[in-house]
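K.L.:
Each chain is listed here by its residues.
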Amino acid sequence: KAGVTQTPRYLIKTRGQQVTLSCSPISGHRSVSWYQQTPGQGLQFLFEYFSETQRNKGNFPGRFSGRQFSNSRSEMNVSTLELGDSALYLCASSPGTGREPQHFGDGTRLSIL
Amino acid sequence: SQQGEEDPQALSIQEGENATMNCSYKTSINNLQWYRQNSGRGLVHLILIRSNEREKHSGRLRVTLDTSKKSSSLLITASRAADTASYFCATESGGGADGLTFGKGTHLIIQP
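First to last, the protein sequences are chains A and B.
Its first residue numbered 16, the first sequence is counted upward by one per residue in our numbering.
Its first residue numbered 232, the second sequence is counted upward by one per residue in our numbering.
Only chain B is shown next, with the shape it has when bound in the complex (with noise of 0.2 angstroms):
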């Protein structure tokens, strides 16, 4: 089952703007991850922020957890071609009996 859900499903945007994701999940979490896909490749983590964390930075990402809204939001700066991609967020919750539940995802487009 989906535990988290991207929003936008699909975004494109200029070379050199600012990309903002959404992610929102169900049931309280242990920690929230974001991974990368570039097309027919596997994912590439990118950042974790645990349940007791507010914002996390590293380099051009940022990341915020609202537990209050179970809510989180990858921003990425400076937007290059090679960031076009699908970003998940990933959720791991309780014991982790259900391994990483991931929502499906929001395909990234950077226009050159």
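Chain A on its own, in the form it takes in the complex (with noise of 0.2 angstroms):
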């Protein structure tokens, strides 16, 4: 069975321009959750989608957007990028609703310059 895919492994972006995150789930995970991960503040929650529904929010600014369409795929969003948005976005996929375990998948290392 194929692992979470993220896609694009590596971006590079400037201050102001807005990206787009792709995230594939393990086949039949119906449970999508963002994380951002950098050395200052460590591994963050995003966000978590099932079943088309966001589920729950981290603390994080309105700039950052997510979505999960009916095939489970989730893409997540940011407007506006500001220099502390470089990070390590990390996806994982559960089954259910419920967190145990997550998979994840190897990220988007995210470049703001």
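By construction, these hints were calculated from the structure, which means they are not laboratory data.
Quick caveat, the model's predicted, so the values are computed rather than measured.
What you were told as hints is all true, and nothing was included just to trick you.
Straight line, CA to CA, 30 angstroms or less: simulated DSS-like cross-link-like pairs of lysine-lysine:
| hint | chain 1 | residue 1 | chain 2 | residue 2 |
| --- | --- | --- | --- | --- |
| 1 | B | K300 | B | K257 |
| 2 | A | K28 | A | K72 |
| 3 | B | K257 | A | K72 |
| 4 | A | K72 | B | K301 |
| 5 | B | K300 | B | K287 |
| 6 | A | K72 | B | K300 |
| 7 | B | K335 | B | K301 |
| 8 | A | K16 | B | K287 |
| 9 | B | K287 | B | K335 |
| 10 | B | K257 | B | K301 |
| 11 | B | K301 | B | K287 |
| 12 | B | K287 | B | K257 |
| 13 | B | K257 | B | K335 |
| 14 | A | K28 | B | K335 |
| 15 | A | K16 | A | K72 |
| 16 | B | K335 | A | K72 |
| 17 | B | K335 | B | K300 |
Since each chain comes alone in its own frame, lean on the hints to assemble the complex.
P.N.:
Dropping the structure here:
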């Protein structure tokens, strides 16, 4: 069974631009969560989607948004990029609404110039 | 916000030795999980222990949970060079509205 796939792996953007990251969960998994990982703040929860509905949201500004499609694939969007948005963005999937355990992709490394 | 705090932040041991990492958390939890992250990669789930469990084993891994002290430990026995990675504890509490809450991790280096 294929694992969680995140595209692209690396991305370079400039301040003020917007970006869309993609995540394909493990087949049959309906829950997708997104995390931001930075050296300073560590791993922080962004949001979770289940059956195309946002179930939970972390403490991030409205510039961070996401969605989930009927095939459970998910995208997250960051608008008006700031230097502080440089991070590794990780997507994780799980079969249902529980988080036990979560299966992570290798992430998208976003660098803001 | 960080719920779990791992200790130590970094650990370097010789191959074959045992490695112990600790995690403390602040609020009551439903379960506690340990993950491993190799450099530049995603997280790999290692083991989950529920709040009503005290100890759990998986291969060379042993996890304990003390809810009265709000702490957990991860023991890796007979370490191997391939165990070099960062290890994170993650907690889920309440209705899970905050997702998994991760600590900042312990960076483990196994010297050959």
